[in-house]
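A.B. asks: Residues per chain are reported as follows:
Protein chains: 2
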Amino acid sequence: MELRDIVEAGCHRDWETTTAASSESVRFAVIGLGWFTKRRALPALAASDRCDPTVLVSSSTEKAERLGAEFDAVEHGITYDAFHDGEAADAYDAVYVVTPNALHLEYVETAAQYGKHVLCEKPMERDSERAARLRDVAADGDIQLMIAYRMHTEPAVRRARELIASGVVGEPMSVRGTMSQRLLDRVNPDPDQWRLDEALAGGGALFDIGIYPLNTARFLLDADPVAVTGRTTSSHDAFDEVDETVSFTVAFDDDVTAHCFASHNARQSSEITVTGTAGEVSVRPAFFQDQTRQLHVSRGDGRATVALDRVDQMREEFDYFADRLRGEGAVVPDGDHGLVDMHAMEAVYEAAETDQWVTVEYE
Amino acid sequence: MELRDIVEAGCHRDWETTTAASSESVRFAVIGLGWFTKRRALPALAASDRCDPTVLVSSSTEKAERLGAEFDAVEHGITYDAFHDGEAADAYDAVYVVTPNALHLEYVETAAQYGKHVLCEKPMERDSERAARLRDVAADGDIQLMIAYRMHTEPAVRRARELIASGVVGEPMSVRGTMSQRLLDRVNPDPDQWRLDEALAGGGALFDIGIYPLNTARFLLDADPVAVTGRTTSSHDAFDEVDETVSFTVAFDDDVTAHCFASHNARQSSEITVTGTAGEVSVRPAFFQDQTRQLHVSRGDGRATVALDRVDQMREEFDYFADRLRGEGAVVPDGDHGLVDMHAMEAVYEAAETDQWVTVEYE
Chain F
1 MELRDIVEAG CHRDWETTTA ASSESVRFAV IGLGWFTKRR ALPALAASDR
51 CDPTVLVSSS TEKAERLGAE FDAVEHGITY DAFHDGEAAD AYDAVYVVTP
101 NALHLEYVET AAQYGKHVLC EKPMERDSER AARLRDVAAD GDIQLMIAYR
151 MHTEPAVRRA RELIASGVVG EPMSVRGTMS QRLLDRVNPD PDQWRLDEAL
201 AGGGALFDIG IYPLNTARFL LDADPVAVTG RTTSSHDAFD EVDETVSFTV
251 AFDDDVTAHC FASHNARQSS EITVTGTAGE VSVRPAFFQD QTRQLHVSRG
301 DGRATVALDR VDQMREEFDY FADRLRGEGA VVPDGDHGLV DMHAMEAVYE
351 AAETDQWVTV EYE
Chain H
1 MELRDIVEAG CHRDWETTTA ASSESVRFAV IGLGWFTKRR ALPALAASDR
51 CDPTVLVSSS TEKAERLGAE FDAVEHGITY DAFHDGEAAD AYDAVYVVTP
101 NALHLEYVET AAQYGKHVLC EKPMERDSER AARLRDVAAD GDIQLMIAYR
151 MHTEPAVRRA RELIASGVVG EPMSVRGTMS QRLLDRVNPD PDQWRLDEAL
201 AGGGALFDIG IYPLNTARFL LDADPVAVTG RTTSSHDAFD EVDETVSFTV
251 AFDDDVTAHC FASHNARQSS EITVTGTAGE VSVRPAFFQD QTRQLHVSRG
301 DGRATVALDR VDQMREEFDY FADRLRGEGA VVPDGDHGLV DMHAMEAVYE
351 AAETDQWVTV EYE
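Sequences listed follow chains F and H, in order. For the first sequence, our numbering begins at 1 and goes up steadily by one. For the second sequence, our numbering begins at 1 and goes up steadily by one.
There may be inaccurate statements among the hints.
Sample of chain H residues at the chain F side, in silico, Cβ under 7 angstroms [claimed, not checked]:
no., residue
1, S174
2, A266
3, T275
4, A278
Keep in mind the hints are simulated off the structure, nothing from the lab. These figures come from a predicted structure and were not determined experimentally. Heads up, the beta-carbon is just placed ideally off N, CA and C, and yes, glycines get one too.
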């Protein structure tokens, strides 16, 4: 594919294998009704013509029904226990798991039991052992499992990946990715939020946002980590259990390295750049949802910047998942893909503790 | 100082302590007449109203005189041996050493012997032991020694440093710096150039261009490296003695890290970014001379990009050095400063060999 064709594709959904009109809508049970669900996921599901949020699952029927009243498609508001008991199972085809990380497994177990496909938020679980069980549960239950890496359906990232695959940068050599925000000041001031609770989250800035540059580097390079090193730090009391800031390096095959930075205590930053022997591709900004993305391409003496229309990243992701369920395409990123990040992130923590490079071991 | 004042300063020479009109011109002997001298240094010295290139020193009188004929100020073209013998010593006040790295020491020894001040190209020498001797020779000879880090007088970098010192980014947390070029294709095709000869250069991409993000990170943070890790690689036969590509991380105090990438085999990249708790400052592009620099500042929800007039970085550097010699200001970056980079870069090589983090030891 030529550079011009790729750039001109813009926000084209190159992944579509079905049309919304010819496909039965995928009905979702949404598990976990935090701010991300309310502000991001439900509006996207409601706007989609491929998906419907028919069941909301929360700690109380009342909470689920109150939120459900805001969306026409919602038919049931039920409790977590009721979900496990199979209540309203006829009303949904798939489950979107957006609970604290350490609870993902149990909802996927129930989904598998009832034969419901799963879109599971990243990171997969609180540790790699549970993530592996989650993957196995889905396989044993013969359900489709996708890990919710929304960068895989972000148009600017997809175009960047196509440019790299087409040889625009030559041989990739270096990736730099950064994602940071002021979590407590700007996103969620609650010092008791589950993201700060090691037992529920499994990790801090690395698990929550460092996973973006890590996974997007993998996606852009189409490669998996070989070894990592890194450092973590925390300055606020709220981060006494998990890392507030992480700075890490991922070594891939062929001497390619990715330098990544993520922090819950830094000014918002959000970009990823791949430099190769012949060119450079950068998505800047890249990761946050309320940003108009620019794709920067340099090759030889030339350079171009392309502004892409802003899309609803969650809707792109939901629609992609629905297309995959209704069509013939493989559901990726799958559990094996997500598990690689779990192993890589655990290796970063080990590296930070030991001041070493740590080889990423896959089971 | 306020953000607006800093930005409005643009290319103002905030470092000036004397005026050109009131200062006697500094007469330079220029040692080493490679392409950098011809294309960058001599034109800058010739254009300066504070400096004059009066003596050119090369392998043959003929070569020195032939080049000297192109510049009105040049009075003598002499050999290296003649320089060591003190020929034309009355015709220069200072020496600009731009030979292969491993020869710096001997010319500084001679300069000290004749009481001539020295502007010495970076890296200081081929290893830290010789760099320390170079520093000591200058001190013992009571001459001024400046290491030629032109980023210290690059206006965009100086403004970035002032912004950081004024608190615009809050507490600095992460630095990302990258400098790459296609050396053999685009800069100098000679596979026998001294930069590729370990005995003459001491190191490869790290010593030649990795030193830019390394030293500029130090300059912007006003801090010195504590520990480093990194990886080096080479793909071309021409780089069988020295690293073609280096990817390294520098840990500073207060949990600040700098991720750096440099390559002689990658598309040109050139930028440095500091992300802090409250803001971000980026110079993009930063390091190459034929670039119009932009200073990018983000703080809170605001962001601004300032384009600076293009300056001749070499002239800024020469004029600064001349100002320091004629005025009262201390000559920095000095030998101690340059030696820190030597130790840090040797630690990067040790880290690359051992796959470890290496503490940077200073004598």
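A.B. asks: Looking back at the numbered hints, which does the structure fail to meet, lowest number first?
C.D. replies: Those not satisfied: there are none.
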